[in-house]
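Engineer: So you can see what is in the structure, the chains are spelled out below.
Number of protein chains: 2
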Amino acid sequence: METKSENACFGGVQGVYSHKSQVCGGAEMTFAVFLPAEARDGPVPVLWFLSGLTCTHENAMTKAGAQAWAADQGIALVFPDTSPRGEGVADHADFDMGQGAGFYVNATQSPWSPHFRMWDYIAEELPALVFDKFALDAGRQAISGHSMGGHGALTLAMGLPGRFRSVSAFSPICNPMQSDWGRKQFTGYLGSDETAWEAHDASLLMARTGFDGPVLTDTGTQDQFYELLRPEALASAVATRRQEATLRLQPGYDHSYFFVATFMPEHIEFHAEALYA
Amino acid sequence: METKSENACFGGVQGVYSHKSQVCGGAEMTFAVFLPAEARDGPVPVLWFLSGLTCTHENAMTKAGAQAWAADQGIALVFPDTSPRGEGVADHADFDMGQGAGFYVNATQSPWSPHFRMWDYIAEELPALVFDKFALDAGRQAISGHSMGGHGALTLAMGLPGRFRSVSAFSPICNPMQSDWGRKQFTGYLGSDETAWEAHDASLLMARTGFDGPVLTDTGTQDQFYELLRPEALASAVATRRQEATLRLQPGYDHSYFFVATFMPEHIEFHAEALYA
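In order, the protein sequence lines correspond to chains A and B. Sequential numbering from 1 applies to the first sequence in full-length UniProt numbering. Sequential numbering from 1 applies to the second sequence in full-length UniProt numbering.
Bound-form chain A, shown alone (with noise of 0.2 Å):
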């Protein structure tokens, strides 16, 4: 693992590395990490952010106004980058596919099959790296994300029962099955045998299984992206499991990243009531 960068931050200390990804098939991967004050004394527990189509781990890093009240929590952030990138790693003109656009699956279909596995790398190889690194509590770990991220934080927490303690989204794909966001994707990545896709659909896990902990989602009212989003399926499939969860849609809000700011400080206040309950 190597260090690009680390900055005094709220009292901690905000880092950015990267490292090889074996999952990713050698892919240079680059991840950021909040420590607060608190993880010079020992473990602390930790919040994932996924992030959105486009994005790296830079923008809501530098965006989402998180690190303010992750370190009044004495919460980790980590912030992992969107898919492989780099030299030899397939992409596609689109914004939303390839590159910047690894939906948290695990490719099984050509061009992207050697590299697009982000499922195993945020579930499986990404956390033994950031374990072994820093001072964070493995007991302790809560999940979010927006839009695209908001899907994979659903997705991985109901997928991984008992990893996370909560789970959050801002603006999440809540039903990529039935979804442009979703549906061109699936296809590209997994193939298109559907059923191949049931276990990366919030709104089709949360109808089989749920989710063992409580659940927040926000969604602007205003958010341009407001039919690719779905937020009506998974809202009745929260309705008929009844799954302990808080689903709000905020008046006049959009999908960028000052709608996240504004609702982070109370994402963070959610989940640290589960880490530290």
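It cannot be assumed that every hint is accurate.
In this list, chains with the same sequence are indistinguishable; a pair is considered to hold if it fits within one copy or across any two.
[Said to hold, decoys possible] List of simulated lysine to any residue pairs, SDA-like, C-alpha gap at most 20 Å:
{"no.": "1", "residue 1": "Lys63", "residue 2": "Gly15"}
{"no.": "2", "residue 1": "Lys133", "residue 2": "Glu6"}
{"no.": "3", "residue 1": "Lys133", "residue 2": "Pro161"}
{"no.": "4", "residue 1": "Lys20", "residue 2": "Ser192"}
{"no.": "5", "residue 1": "Lys133", "residue 2": "Val89"}
{"no.": "6", "residue 1": "Lys133", "residue 2": "Ser5"}
{"no.": "7", "residue 1": "Lys20", "residue 2": "Gln250"}
{"no.": "8", "residue 1": "Lys63", "residue 2": "Ala8"}
{"no.": "9", "residue 1": "Lys184", "residue 2": "Arg248"}
{"no.": "10", "residue 1": "Lys20", "residue 2": "Arg208"}
{"no.": "11", "residue 1": "Lys4", "residue 2": "Asp254"}
{"no.": "12", "residue 1": "Lys184", "residue 2": "Ala235"}
{"no.": "13", "residue 1": "Lys4", "residue 2": "Glu244"}
{"no.": "14", "residue 1": "Lys4", "residue 2": "Gln222"}
{"no.": "15", "residue 1": "Lys4", "residue 2": "Tyr276"}
{"no.": "16", "residue 1": "Lys63", "residue 2": "Ser5"}
{"no.": "17", "residue 1": "Lys63", "residue 2": "Asp254"}
{"no.": "18", "residue 1": "Lys4", "residue 2": "Gln73"}
{"no.": "19", "residue 1": "Lys4", "residue 2": "Gln224"}
{"no.": "20", "residue 1": "Lys63", "residue 2": "Val13"}
{"no.": "21", "residue 1": "Lys184", "residue 2": "Gly213"}
{"no.": "22", "residue 1": "Lys20", "residue 2": "Ala123"}
I should point out that these hints are in silico values taken from the structure, not numbers from a laboratory.
Fit chain B to the given chain A structure using the hints.
Structural biologist: Chain B alone, transformed into the frame defined by chain A:
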């Protein structure tokens, strides 16, 4: 004035606007305004935030986390650009001269003088525009900035007595007449007669006139540009004058927006005390 974007943000609106600047020789200028929810009911106090070298209106708007705290206090924020830009506007190969590096002076020298009039832009033209277009209280203004923008905040605050109730700065260029961040630019923009520079050196202004209100500065002890900032010159002038001031050195912090974001809550609280006094 043209609206480039408006996003709901912490209960208010983060907008980006552009206009043709007369004082900057007809250059199209972009600026950002955050209006807290309270602005719907009438004029609110305003904090100007001037940015540093290479920045546009956007850097502080997206990275400083200021809206969270301004919303708490019911204070508006204005983020101007740091220079005129565009075709026909002079530029320089170095990042610290020309576009993105206006230094908050009125250039008198070729090729800069037709457009680089940032003092008049911040002191006169942009205030006239924003007080006309937005619910801002011209009787309750404060000013802050980062690096070159900290220099701008301090020199404008002292150069316009009675305008601002309080002034703060993050890692300001404190003594540009004795720094490579200053002598080069003042020579280029203002010519070699150093008497023309004196209105633009915060330490010299502090020694001569001071500021009729409270002053707050923060500088990181690990600032990579520490020698260029010369905080010791301002500190000496403040002490000699017995100026009401809090000058802080923050251990371990550098010049980045992670540093700015960390201390933004205290700067906005500082200004709120003056604006609501």
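Engineer: Now tell me, hint by hint, if it's right for this structure.
Structural biologist: The hints, checked one at a time:
1. Lys63 <-> Gly15: Both, since 15 Å and 16 Å are each at most 20 Å.
2. Lys133 <-> Glu6: within (14 Å within a copy, 41 Å between copies)
3. Lys133 <-> Pro161: Neither: 24 Å inside a copy, 53 Å across copies.
4. Lys20 <-> Ser192: neither (31 Å within a copy, 53 Å between copies)
5. Lys133 <-> Val89: neither (27 Å within a copy, 49 Å between copies)
6. Lys133 <-> Ser5: Within one copy, since 15 Å is at most 20 Å while 41 Å is not.
7. Lys20 <-> Gln250: Classified as neither: same-chain Cα gap 40 Å, cross-chain 35 Å, threshold 20 Å.
8. Lys63 <-> Ala8: both (16 Å within a copy, 15 Å between copies)
9. Lys184 <-> Arg248: neither (28 Å within a copy, 54 Å between copies)
10. Lys20 <-> Arg208: For Lys20 and Arg208, neither the intra-copy (36 Å) nor the inter-copy (58 Å) Cα distance is at most 20 Å.
11. Lys4 <-> Asp254: between (32 Å within a copy, 15 Å between copies)
12. Lys184 <-> Ala235: neither (23 Å within a copy, 61 Å between copies)
13. Lys4 <-> Glu244: neither (40 Å within a copy, 40 Å between copies)
14. Lys4 <-> Gln222: Between copies, since 17 Å is at most 20 Å while 37 Å is not.
15. Lys4 <-> Tyr276: For Lys4 and Tyr276, the Cα distance exceeds 20 Å both inside one copy (31 Å) and across copies (43 Å).
16. Lys63 <-> Ser5: Classified as both: same-chain Cα gap 17 Å, cross-chain 17 Å, threshold 20 Å.
17. Lys63 <-> Asp254: both (15 Å within a copy, 18 Å between copies)
18. Lys4 <-> Gln73: neither (26 Å within a copy, 36 Å between copies)
19. Lys4 <-> Gln224: This pair counts as between: shortest inter-copy Cα distance 16 Å, intra-copy 35 Å.
20. Lys63 <-> Val13: both (16 Å within a copy, 16 Å between copies)
21. Lys184 <-> Gly213: neither (31 Å within a copy, 60 Å between copies)
22. Lys20 <-> Ala123: Within one copy only: 16 Å inside a chain, 51 Å across chains, cut-off 20 Å.
In the structure shown, a violation is registered for the earlier hints numbered 3, 4, 5, 7, 9, 10, 12, 13, 15, 18 and 21, in ascending order.
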